[in-house]
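These protein sequences, in sequence, are chains A and B.
Residues in the first sequence are numbered consecutively from 9, following my numbering.
Residues in the second sequence are numbered consecutively from 9, following my numbering.
Read the hints as simulated data drawn from the structure, not as lab findings.
Worth double-checking, as some hints may not be accurate.
In this list, chains with the same sequence are indistinguishable; a pair is considered to hold if it fits within one copy or across any two.
[Stated by the list, open to error] Taking lysine to aspartate or glutamate pairs in the DMTMM-like style, the calculated list, with each CA pair at most 25 Å apart, reads:
| no. | residue 1 | residue 2 |
| --- | --- | --- |
| 1 | Lys422 | Asp89 |
| 2 | Lys227 | Asp196 |
| 3 | Lys43 | Asp101 |
| 4 | Lys227 | Glu134 |
| 5 | Lys43 | Glu69 |
| 6 | Lys111 | Asp101 |
| 7 | Lys43 | Asp102 |
| 8 | Lys276 | Glu305 |
| 9 | Lys111 | Glu69 |
| 10 | Lys17 | Asp174 |
| 11 | Lys405 | Asp247 |
| 12 | Lys285 | Asp317 |
| 13 | Lys227 | Glu205 |
| 14 | Lys92 | Asp393 |
| 15 | Lys417 | Asp178 |
| 16 | Lys309 | Asp367 |
| 17 | Lys405 | Glu343 |
| 18 | Lys25 | Glu205 |
| 19 | Lys121 | Asp101 |
| 20 | Lys227 | Asp204 |
| 21 | Lys347 | Asp30 |
Each chain, written out:
There are 2 protein chains.
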Amino acid sequence: MIDIESIVKNAKNAFIKTMTLDNSIKNQALFNIAKKIEQNKKRIFEANQRDVENAKTLLVEGTINQAAFERLKINEAKLRDLIKGLDDLIKLDDPVNKTIWQKELDDNLILKKISCPIGVIGVIFEARPDCFIQIASLIIKSGNCGILKGGSEAMNTNTLFSLLVDEALDETKDFPKNAISLVYSREDINKMLSYDEYINLIIPRGSNKLVKYIKENTKIPVLGHSSGICHIFTDENADFNHTLDIILDAKTQYPSACNAVETLLIHKNYPYFENLKNALIEAGVEIDENPIQWDIEYGAKKLSIKLVDSVETAIEHINKYGSGHTDAIISNNKENIEKFMNYVDSSSVFSNCSTRFSDGFRYGFGAEVGISTNKTHARGPVGLDGLTIYKYKLYGKNDTVAPYATGEKVFKHKYI
Amino acid sequence: MIDIESIVKNAKNAFIKTMTLDNSIKNQALFNIAKKIEQNKKRIFEANQRDVENAKTLLVEGTINQAAFERLKINEAKLRDLIKGLDDLIKLDDPVNKTIWQKELDDNLILKKISCPIGVIGVIFEARPDCFIQIASLIIKSGNCGILKGGSEAMNTNTLFSLLVDEALDETKDFPKNAISLVYSREDINKMLSYDEYINLIIPRGSNKLVKYIKENTKIPVLGHSSGICHIFTDENADFNHTLDIILDAKTQYPSACNAVETLLIHKNYPYFENLKNALIEAGVEIDENPIQWDIEYGAKKLSIKLVDSVETAIEHINKYGSGHTDAIISNNKENIEKFMNYVDSSSVFSNCSTRFSDGFRYGFGAEVGISTNKTHARGPVGLDGLTIYKYKLYGKNDTVAPYATGEKVFKHKYI
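My request is simple: use the sequences and hints to build the entire structure.
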């Protein structure tokens, strides 16, 4: 029986220490985690094998699907990627304690806006157990504390990863205890959601249903993406080959990704409409020109297609049916491109490239904690920056507001 | 009977237009609002007089208190401040469409992070009707749309302000309709809170109870401050006169402000403890050295006082009982100052100055939509920046992710 209250309170106490940790200590912690993974490959594979064996039954029963089953597996390549990811994070600048700006309010009265970590972050993720290491390392590098809930199918792997992280942090000089915890069950989530005084942010990485459930059951701010209804609009002057390349990449390179395209909007005067349709069908993409609704996330090699009158109609359709995730235009008309990029109200808007670029690694963030379709705090792929906030530091020399209130003194408000 | 659904949906439609408005159009709108106020002073005073007359009954009944009654009144000075505030906002840079950074993901594949408005913002404010103009103008300048709910005591004044804003926006070329709306009742709030698909942010400016109620009854992100339990820690080496000046300013200059000090923590070796206490009492400040709890927001000329062993004990007390609003240290010891500024987990941390500086005007933001004790999105005094978010724009030249996935191509990730 896990005592969630203790975990949550301990995390909050640990935060007072992690929030001011030197970058060198945080990097040492990440280095130690990489070393632990390297040294314990055999144990990791064994633990993972137990999860995979158990999951075979779940697969037969239909409790999990083939894709989830595949994501559960940890192999040499995945561990190599994890270690590479940790190395990348070590190389990134400390996101914390950066001066965003400073200004003189008056002589000897200096206001500084300084980046800092958020606090205790709860992350709920699905079957893929390598997530545990990725998320823990982002939380460590950003000076936060984390309470992570992995998929129950990956319990053996997650438990071992959690143990290895504990050991690595224990062996890191001056790194506080209880910064990263693993919890297990649905009930643990429900308890977590009630600790809004201790947990500052919840990041659900999972189905629509999960995100919705969490938003409905907590006062804690939630960072997540609802769904990935991504569009590509093909303008009337778009080239045929490039259009086909981009759409095939956006739909077939990894159809179950949230940044895969779901709806094609094609200008009614596009001359290659039939050719495009045939080429897509030939590539194994199912086409629906009369979908029951326009906000379907197929997650499979299937596309809704609609003819539209103009770039304006395309924008209107996207703002109405899209999920604010990633939308692209293929066009040679610069004016239409700018219109699209400005008026489509999505976290990522692209011109002449695949929607699949919408990703923290591809954006150069080192890693991502998820993709946000929120309109506040962090939007789009969320890396280290999205795990920080700021505080104001005001350095005075025995200053009072009274003389400014009476007009005896006047603020300078000069950036320095 | 107000149709909240129409108001909310119309605001969302208006946002697609306000989000890309030129700064010149937004400034013209602010100029027109200032002009309307200037031209309609007499009507404003008349409307306000009706509210004041009605409020006299409420005051006698005890429905509102004297402070709320005073805040209701609009006089020449308040209108002058409003017009000055509009002028200041006009002079500020457009917070929208700023390039936060841009980088080459690869040749001819340019990623830009661009500031943009959030969307539809619901603001619930208390008796002070000048708030309507201040909040509306911040929302206009930041390219958002707003649904504002004022105090029912100020209904006549708010209704006239809303009418004048409507007229000013109507007379602004290319400014969309329905960008700013006023709603009236508690029931309107409850309806608003259910439109999480249309409203992107709720800002309650009012009592603790109101903020709590709103957080419990909506899935919309809420930006607000819980309470203002501000502390001043007086270190052992602090000078007597400066300490007294700062504390008097922080407690008595405007005792009901949320940034007024509520608790003094005094180093046990501070030699002037008794002198300080006597001087405060002489200045009419009531002292409680044995309060029933340490998180009381007096909002009056009253202070809790506690002796502490060290700066570390002070920090611990503040992180335990504070509300993360504003906390200050008075000290000549640089090491203790830095320790305090780094380890106190509050939105504003001050050294050797009054907590009352914690304010959007004093920070040079032109105006503030409120002070946030949130740990995400915006913290401390919130001005125009807190009403913006960002979007990613990716400009490609027919790029697909496949060659990066296979390793055929490698990202550059170079800031430009």
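request  = Up to 25 Å between alpha-carbons, please classify Lys111 paired with Glu69: within, between, both or neither.
outcome  = neither (63 Å within a copy, 48 Å between copies)
key: Intra/inter-copy verdict for Lys417 and Asp178 if alpha-carbon distance must be at most 25 Å   = neither (53 Å within a copy, 39 Å between copies)
task = At 25 Å max between alpha carbons, let me know whether Lys405 reaches Glu343 within a copy, between copies, both or neither.
result = The answer is between: 16 Å across copies meets 25 Å, while 54 Å in one copy does not.
message = At most 25 Å between alpha carbons: which applies to Lys111 and Asp101, within, between, both or neither?
response = Answer is both: 24 Å inside a copy and 16 Å across each meet the 25 Å cutoff.
query = At most 25 Å between C-alpha atoms: does Lys405 with Asp247 qualify within a copy, between copies, both, or neither?
reply = between (65 Å within a copy, 12 Å between copies)
key: Copy assignment of Lys227 with Asp204, given that the CA separation must stay at most 25 Å   = Answer is both; intra-copy 6 Å and inter-copy 14 Å each pass.
query = Within a copy, between copies, both or neither: where do Lys347 and Asp30 come within 25 Å Cα-Cα?
reply = Cα proximity of Lys347 and Asp30: across copies only (14 Å, versus 45 Å in one copy).
inquiry  = One pair to classify: Lys17 and Asp174, alpha carbons no more than 25 Å apart. Within, between, both, or neither?
reply    = within (17 Å within a copy, 50 Å between copies)
task = Classify it for me, Lys276 with Glu305: is the Cα-Cα distance of at most 25 Å met within a copy, between copies, both or neither?
result = within (24 Å within a copy, 64 Å between copies)
message = Within a copy, between copies, both or neither: which one fits Lys92 and Asp393 at a CA-CA cutoff of 25 Å?
response = This pair counts as within: shortest intra-copy Cα distance 20 Å, inter-copy 36 Å.
ask   = What label fits Lys227 with Asp196 when the C-alpha limit is 25 Å: within, between, both, or neither?
value = both (16 Å within a copy, 21 Å between copies)
inquiry  = As a check of your reading, is Lys43 near Glu69 (CA-CA no more than 25 Å) within one copy, between copies, both or neither?
reply    = neither (38 Å within a copy, 71 Å between copies)
Hints 5, 9 and 15 from the earlier list are contradicted by this structure; the remaining hints agree with it.
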